[in-house]
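Asks: With the hints as constraints, model all of the structure from the sequences given.
Each protein sequence line maps, in turn, to chains U and V. Residues 1 to 115, numbered by the working numbering, are exactly what the first sequence covers, in order. Residues 1 to 113, numbered by the working numbering, are exactly what the second sequence covers, in order.
Errors might be hidden in some of the hints.
Which residues of chain V face chain U? A partial, calculated answer using Cβ under 8 Å [claimed, not checked]:
id, residue
1, F33
2, Q41
3, G42
4, P101
For the record, the hints were derived by calculation from the structure and aren't laboratory data. Please read these numbers as outputs of a predicted model, since none were measured by experiment. Built from N, CA and C at the ideal position, the CB exists for glycine as well.
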Amino acid sequence: GDSVTQMEGPVTLSEEACLTINCTYTATGYPSLFWYVQYPGEGLQLLLKATKADDKGSNKGFEATYRKETTSFHLEKGSVQVSDSAVYFCALSEKRGSTLGRLYFGRGTQLTVWP
Amino acid sequence: GAGVSQSPRYKVAKRGQDVALRCDPISGHVSLFWYQQALGQGPEFLTYFQNEAQLDKSGLPSDRFFAERPEGSVSTLKIQRTQQEDSAVYLCASSALGVDPQFFGPGTRLTVL
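Replies: The structure is reproduced here in structure tokens:
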């Protein structure tokens with residue numbers, strides 16, 4: 001079945017450090033891949049997405065590339081800020097008919113950035 | 001509306017009580033999903049609607065859980081005879097057709113005493 005394995009946290013970085021959060025997936029078909037972020041006290045927000053192999057999703061300085069050969073979708077940012085402190089979730093969804101189906105989530109990675 | 005809304009935001013129930021959680025999806029969104037998020041975990045799928053049709057309820061943990069979306073817009077998740085293990089955040093998400101991503105509401109935090 002479909003599943004997502006995500007790097008365990010917590011991750012603690014100093015401001016302006018580089019960030020990588022690893023995510024690998026198992027899927028029966030050709031999924032779309034997502035990173036969602038959950039800021040303290042807030043709901044899940046879509047951070048970025050990629051719908052096919054070699055696509056790169058990007059937003060707010062974060063990037064992730066859909067790698068079919070390694071079944072990975074690692075999240076990267078070159079210089080983190082204190083405001084990036086949050087929980088990050090990798091997720092996948094496969095098409096069911098004309099629309100995307102349920103999301104399969106990883107366990108989440110807590111990121112804390114210190115000034 | 002501007003986003004997905006859920007009510008109540010917080011619910012405390014005594015064990016054995018019934019609860020009803022409401023979700024208002026983004027206007028015009030055909031697909032609606034319910035997820036359960038335990039503390040420190042990623043969300044787990046519960047059920048899925050396309051318009052008023054419940055196409056997948058494979059994630060509902062027991063027959064105490066019931067969801068409906070009678071007019072293809074607002075949805076209600078009902079939990080009968082709540083148990084302590086039902087304590088979690090219940091998330092609702094909606095999406096348009098095609099490859100549109102899911103947009104989440106703020107969640108309802110249910111605590112069963």
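Asks: So, for every hint listed, does it hold in this structure?
Replies: Here is how each hint holds up against the structure:
For the restraint placing F33 of chain V at the interface with chain U, the shortest Cβ-Cβ distance is roughly 6 Å, inside the 8 Å limit, so the hint holds. Given hint, Q41 of chain V at the interface with chain U, holds; its Cβ is 6 Å from that chain's nearest Cβ, closer than 8 Å. For G42 of chain V, the interface hint holds, the least distance from its beta-carbon to any beta-carbon of chain U being 3 Å, beneath 8 Å. At about 5 Å, the closest approach between the beta carbon of P101 of chain V and any beta carbon in chain U falls short of 8 Å, and the interface hint on this residue holds.
Comparing the model with each earlier hint shows no violations; every hint is respected.
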